[in-house]
Every structure is written in C-alpha cells, then in structure tokens.
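Student: Respectively, the protein sequence lines represent chains A and B. What the first sequence shows, in the working numbering, is residues 6 to 155, in sequence order. What the second sequence shows, in the working numbering, is residues 2 to 227, in sequence order.
No lab work stands behind these hints, which were simulated from the structure alone. The beta carbon of each residue, even a glycine, is placed where N, CA and C say it ideally should be. Among these hints, one or two may not hold up.
[As the list claims (entries may be wrong)] Some chain B residues near chain A, calculated using beta-carbon distances under 7 angstroms:
no.	residue
1	G16
2	G19
3	T60
4	S72
5	R136
6	P148
7	I157
8	Y215
[Said to hold, decoys possible] Far from chain A, by Cβ distances over 10 angstroms, these chain B residues were calculated:
no.	residue
9	A79
10	A105
11	G150
12	V155
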Amino acid sequence: MKRLHRMPLIRRMLLVLAIFATFASAASAADIKINCDIQRGPCIQKTGNGLTVEFDIKPKPVTAMSDLTFLITFTRGGMPFAGSTAALDLAMPGMFMGKNLPILKRTGSGRFEGRGIIPRCPTGKKTWQADIIIVHEGKTDVAGFVFEVK
Amino acid sequence: MEPGYLLAFTTGILGGFGHCIGMCGPLVASYTLAVPAQGARPVVATISSHLLYNLGRITTYGLIGAVMGLSGTFVNVAGRLAGSQNIVAVAAGVMMILMGLDIAGIRGGTSWIERHNSSVLRLAQRAGASQSWLRYYPLGLILGLLPCGLSYTVFIASAGTGGLFPGMVTALLFGLGTLPALLLFGTVISSLSASLRGAIYRASGIVVIFMGIYFLFRGIRTYAGL
C-alpha cells in the first residue's frame, strides 16, 4: 500500500482508470432474462402501441458463425400491418460486440426478411438480444427478444 | 468518409475500452509484466513496444479483412481460419503460463516444461524471454489471430463490402480505433510493473498464470465448440 502512495498522481489515476475499464467491460448480464426459445420456433411480443411482432431465425438449430435468415412479421388485430419500416439490431447483453445490423427487406405485407451472422464469443456466452425497431404512424416501437444460440 | 468506415472506427474506439481491455488486457499484462524483471525501461521504449504489438495486431486484422472482402463471405473464410485461431488461443494461454512462471520466479517449472514438451512451447518461452523490443510486432501479428467476437462482427462487415480494398480498410480502421485503449492500458501496466518489486511482483506472476489457464481453457473450449 505504501508503494501505491509513492506512485505519482497521474500514474495512480491511470491505474484506477485501467481497473475501472477492465471491470466495466466485464459487466454482468445476470439481470437479462431469456424471453424467447428461438430453437423451438418463432417468438411473439406485443408492443405498447398495439402491434404484434413475430420473430424467427432459420435454419434450426440456430448456431453462431453460420448464415442465418431473420424473419419478422407485424400484425395488428390479427391482420398483417403494412404501414411500417423495420430495423434489426443484434447485441450480446453485457458484452460490447459492435454493431450487427442485418439489412431487412420487405417480403410482403408486414413481413420482413434479412440475412446475417451471429458471431461466437470465445468466453462461451451464448445469449443474444435482437431488438426490432419499428417506425409506424410517426411512432417508434422496440421489441426485444433475448435468446440463446448453440 | 464512407459511413461503414466511420462505424468500423467508432466500433474500435468503443470496443477498445468496453471490450478489448477486458478480453485482451490479461494478455497485454502478461507480456508487459514479463519485461521489468530486468528493470524499468525508458518511456519511449515502453510505448514503442506496445505500439509495435498493436501494429502487428492491426496488420493481421487488415489482412483478414482483405480476404473477407475479396471472398465476400464471412462464414467460409472464418471456417478456414478457425483451426489456426484455436491454435493461437491455446498458444497464447501457454505463453502466459510460461511468462507467469518466470515472473513468479518458478524457474524449475519452465525448464521442466521445456524438457518435456514440443518445440512450439520452447519457441513461445524464448519469445517471452527475448530482449529485443522488435519482437512485439510478430507477437502482435500472431495474437491478432485470437478468436474475438468483436472482431468477428467487423469481419462480417468487411465481407459485406464485397471488395479487397474496402474490406481491408474497414478492418484496419477498426483496429486503429482499438489502439488508444490498448496503448493506454499497456502503458499503465508498464508503469505499474516498473514500481512493483519482490513479493508483490512474484504474486503478479501467479495472477498471470491463472489468466493463462483461463485463456488456455477458453481456447480449448472454442476448439471443442462448447
């Protein structure tokens, strides 16, 4: 401890910064709950603005480091909802993995499809979050699906 | 500037502090701590060694990005690279354990390993013990191959560019973005390690050994696809 006190102030500040950065990067994702069993089939969520969002990934099993197709469908009151634009943002909870934004193409009324890849994390973490951002009638909705890949 | 290039660079900046220090910091700490056993070095030499290590790492990223861009496919190239990446991950773990043994002053441990293991391990041990600061560039070149989820995301973007040059530039800009964080981290560890002596310094060797075991485990697990 005496040795630490003898260190110049700038060194001590840099040391604290390095320790903080190390622990911040290893932030726990324990509070993130899996809400989508993507391996079994599509997942469904309702947004605050009354839209139903269905999200699926093919082929099954959904594995990291393979070509995947992301399928998104919007409905309202059981009918396809056409008046919207959509974006997909893939992220790993608690670990910054860069921006992974597969480009979505409209394939029908309220239906979107995109191709992409989910990278493998060498730490062994397999939990991913797909945020679907929907813009419709001047409003923005976000549906977040948390799932595990193999 | 192309939006994709800007995104790659900012991914590097954010990922450097939010990802790389946590994931690759132990590796940087191990090769940094292994040096001051011979005494403190001038600041220029310290920064030069970290700069060379990072330039080696960024060169590897650029080459992988170029191949990804040229082929236009991430999955196929990543599949071909996987074998060598897993070897590098395991070798990095072994190197950290050997450096940790040296730092902790457990000389007998390294000589036993040298007697009973392959030339690859002896090479790793010699690389760690070498005095030349130029060794950091090839070290960075090799360790740039370490499996990393963040760099995979950037290589996916490189493959998406569909060209050798844009693929390479995307990966290079990402690597340059990670430079400030790892350079700062390495310099801080160098500064700290120069002031550590005796039991505290040997204890840091034990920490490096455990970090090496963790890296080794990570490499084997990635190889096994667990």
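Student: For each hint, tell me whether it holds in the structure or not.
Tutor: The hints, checked one at a time:
1. G16: holds (6 angstroms)
2. G19: holds (4 angstroms)
3. T60: violated (20 angstroms)
4. S72: Cβ of S72 of chain B sits 14 angstroms from chain A, so the hint is violated.
5. R136: violated (24 angstroms)
6. P148: holds (5 angstroms)
7. I157: I157 of chain B check passes; min Cβ-Cβ to chain A is 5 angstroms, inside 7 angstroms.
8. Y215: violated (10 angstroms)
9. A79: violated (6 angstroms)
10. A105: holds (18 angstroms)
11. G150: violated (4 angstroms)
12. V155: The claim is violated: V155 of chain B sits with its nearest Cβ about 6 angstroms from chain A, within 10 angstroms.
Hint check: violations occur at hints 3, 4, 5, 8, 9, 11 and 12; the rest are consistent with the structure.
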